[in-house]
Amino acid sequence: MATILFWNINKKRLFEEIISLCDENEVDILILAEAKPHISDAEVQLALNSGRENVYIAPLNPSPRLSFFFRYPAESIELVTDEGGIAIRRISPPIGIDILLVALHLPSKLYMTDDDQKFQAVRVSQLIQEAESKVGHTRTLVIGDLNMNPFEAGIVGADGLHAVMTQSIARKHSRKVQGKEKPFFYNPMWGRMGDSSVGAPGTYYYAGSSYVSYFWNTFDQVLLRPALLDFFSQNDLKVISQIGDNNLMTENGISSSYSDHLPIIVKLQIERMTQNEQ
Amino acid sequence: MSSNKNLWGELPKSENIRIPYTILKEQASLLTEITKGLLIGEVNISPEVDDVIKLVSSILGERSQSFVAFLRIKAPSLNNYTYSVVKIQYPIKLYPVLVKSLVVENFQRECSSEEEFEKALGQILSSQEVKQVISALLAQIHADIPKQ
Numbered sequence: 001m002a003t004i005l006f007w008n009i010n011k012k013r014l015f016e017e018i019i020s021l022c023d024e025n026e027v028d029i030l031i032l033a034e035a036k037p038h039i040s041d042a043e044v045q046l047a048l049n050s051g052r053e054n055v056y057i058a059p060l061n062p063s064p065r066l067s068f069f070f071r072y073p074a075e076s077i078e079l080v081t082d083e084g085g086i087a088i089r090r091i092s093p094p095i096g097i098d099i100l101l102v103a104l105h106l107p108s109k110l111y112m113t114d115d116d117q118k119f120q121a122v123r124v125s126q127l128i129q130e131a132e133s134k135v136g137h138t139r140t141l142v143i144g145d146l147n148m149n150p151f152e153a154g155i156v157g158a159d160g161l162h163a164v165m166t167q168s169i170a171r172k173h174s175r176k177v178q179g180k181e182k183p184f185f186y187n188p189m190w191g192r193m194g195d196s197s198v199g200a201p202g203t204y205y206y207a208g209s210s211y212v213s214y215f216w217n218t219f220d221q222v223l224l225r226p227a228l229l230d231f232f233s234q235n236d237l238k239v240i241s242q243i244g245d246n247n248l249m250t251e252n253g254i255s256s257s258y259s260d261h262l263p264i265i266v267k268l269q270i271e272r273m274t275q276n277e278q
Numbered sequence: 001m002s003s004n005k006n007l008w009g010e011l012p013k014s015e016n017i018r019i020p021y022t023i024l025k026e027q028a029s030l031l032t033e034i035t036k037g038l039l040i041g042e043v044n045i046s047p048e049v050d051d052v053i054k055l056v057s058s059i060l061g062e063r064s065q066s067f068v069a070f071l072r073i074k075a076p077s078l079n080n081y082t083y084s085v086v087k088i089q090y091p092i093k094l095y096p097v098l099v100k101s102l103v104v105e106n107f108q109r110e111c112s113s114e115e116e117f118e119k120a121l122g123q124i125l126s127s128q129e130v131k132q133v134i135s136a137l138l139a140q141i142h143a144d145i146p147k148q
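Chains A and B supply the protein sequences, listed in that same order. With the first letter of the first sequence counted as 1, position 271 gets the number 271 in the working numbering; the numbers rise by one all the way through. With the first letter of the second sequence counted as 1, position 68 gets the number 68 in the working numbering; the numbers rise by one all the way through.
Since the hints were derived computationally from the structure, they do not count as laboratory data. Fair warning: this is a prediction, and the values are worked out from it, not measured in the lab. Beta carbons are placed, not taken as given, at the ideal position from N, Cα and C, and that holds for glycine. The reader is advised that the hints may include incorrect statements.
What follows is a set of in silico ranges between Cβ atoms, one per label pair, in the way DEER data are often shown [as the list claims (entries may be wrong)]: (1) B:Asn6 to A:Glu181: 41 to 51 Å; (2) B:Ser112 to A:Pro94: 51 to 61 Å; (3) A:Ser168 to B:Ile92: 40 to 50 Å.
Computed cross-link-like contacts, EDC-like style, restricted to lysine to aspartate or glutamate with a CA-CA straight-line distance of at most 16 Å [said to hold, decoys possible]: (4) A:Lys36 to B:Glu129; (5) B:Lys74 to B:Glu105; (6) B:Lys74 to A:Glu78; (7) A:Lys11 to A:Glu43; (8) A:Lys36 to B:Glu33; (9) A:Lys11 to A:Asp41; (10) A:Lys11 to B:Glu116.
Please model the complete structure; the sequences and the hints are all you need to start from.
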């Protein structure tokens with residue numbers, strides 16, 4: 001099982017919390033946003049590996065916005081692309097076959113209009129497809145702070161991430177829009193919104209004063225290509241609201257003692273993937 | 001009787017005009033030259049984005065057509081890893097061009113002329129952050145080259 005944790009830590013030195021999360025969940029791949037440049041990779045790595053047998057490595061990571069830490073050998077990790085808040089890595093775990101890991105920290109609505117965010121999603125999609133063409137498969141998992149909700153145009157749009165809410169639709173692989181095939185992602189985060197959510201009602205809380213305010217947003221998301229769906233279970237995706245005895249949430253949203261985002265974690269049964277599954 | 005009077009006036013000589021894309025391509029080539037091909041500069045146009053911009057502009061009538069291009073560093077011996085450094089966006093009339101660093105947060109300039117564009121581009125390409133990335137990539141490449 002490959003366990004991937006993503007957390008936008010809002011520039012806070014949450015070393016204890018990160019270590020606890022990694023220990024409690026046996027995290028193999030840790031991805032942080034809003035760590036650099038305030039918190040160096042070296043600091044995080046030192047904290048993670050203090051008194052530990054299975055160490056985390058932080059191989060060459062040119063991404064200006066995302067930090068990666070792996071409990072895999074260095075030869076399991078290959079750089080594919082970096083562009084601002086988009087970082088793509090090819091992960092070839094010791095057991096199982098390789099996947100593409102796309103980590104995102106997209107610009108927030110403070111700095112971009114809705115239209116700009118849509119255009120950014122198109123660019124993300126373009127880079128993902130370029131990477132898939134390079135590696136020759138579509139075993140792609142996207143994780144990160146997309147700064148858009150699952151229902152927003154950049155996420156659902158055919159030229160954007162084209163992420164749909166049910167596996168049955170995603171398993172059709174693609175649909176034709178204006179004569180061009182547009183591949184799907186599956187977005188399990190539709191089930192992580194509001195009171196019906198398994199766990200927290202979102203990943204980011206903001207009580208705005210404008211007419212439209214969702215209060216709970218699900219900006220931090222996991223998306224999967226259909227090729228990975230047989231190795232994913234809904235129970236293996238969590239929005240984390242508790243670390244040890246510490247509750248990350250309050251009655252009115254997210255505790256300011258931690259980040260303004262909740263961490264998300266996903267497990268993928270990579271070791272079940274064989275060459276025959278390609 | 002037909003008239004052959006030139007109503008166009010004197011047209012500008014196009015060979016004197018360097019479009020932002022060309023300037024970006026020049027810098028991409030220079031990187032390849034300086035690093036003797038260990039790193040390759042490439043300019044990637046984003047046609048999908050451009051199509052969306054055109055579509056939205058045609059519907060909303062807000063903006064004229066614009067072109068979007070990215071200057072990227074490619075490392076052939078690292079399985080063609082690509083690192084994007086700069087994004088530019090400019091209208092059909094070429095200027096003003098919007099230049100955005102993809103390496104340094106919040107570095108963005110609107111440049112009204114070729115000179116301003118070159119200055120902003122130079123600030124990004126010669127920045128400490130870009131140099132660090134280039135240095136790290138070259139170190140990785142050299143580490144992978146078998147010593148003789």
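Status of each hint after checking the structure:
no., hint, verdict
1, B:Asn6 to A:Glu181: 41 to 51 Å, "50 Å, holds"
2, B:Ser112 to A:Pro94: 51 to 61 Å, "55 Å, holds"
3, A:Ser168 to B:Ile92: 40 to 50 Å, "44 Å, holds"
4, A:Lys36 to B:Glu129, "12 Å, holds"
5, B:Lys74 to B:Glu105, "22 Å, violated"
6, B:Lys74 to A:Glu78, "14 Å, holds"
7, A:Lys11 to A:Glu43, "13 Å, holds"
8, A:Lys36 to B:Glu33, "32 Å, violated"
9, A:Lys11 to A:Asp41, "13 Å, holds"
10, A:Lys11 to B:Glu116, "34 Å, violated"
In terms of the numbered hints stated before, the structure departs from hints 5, 8 and 10, listed from lowest to highest.
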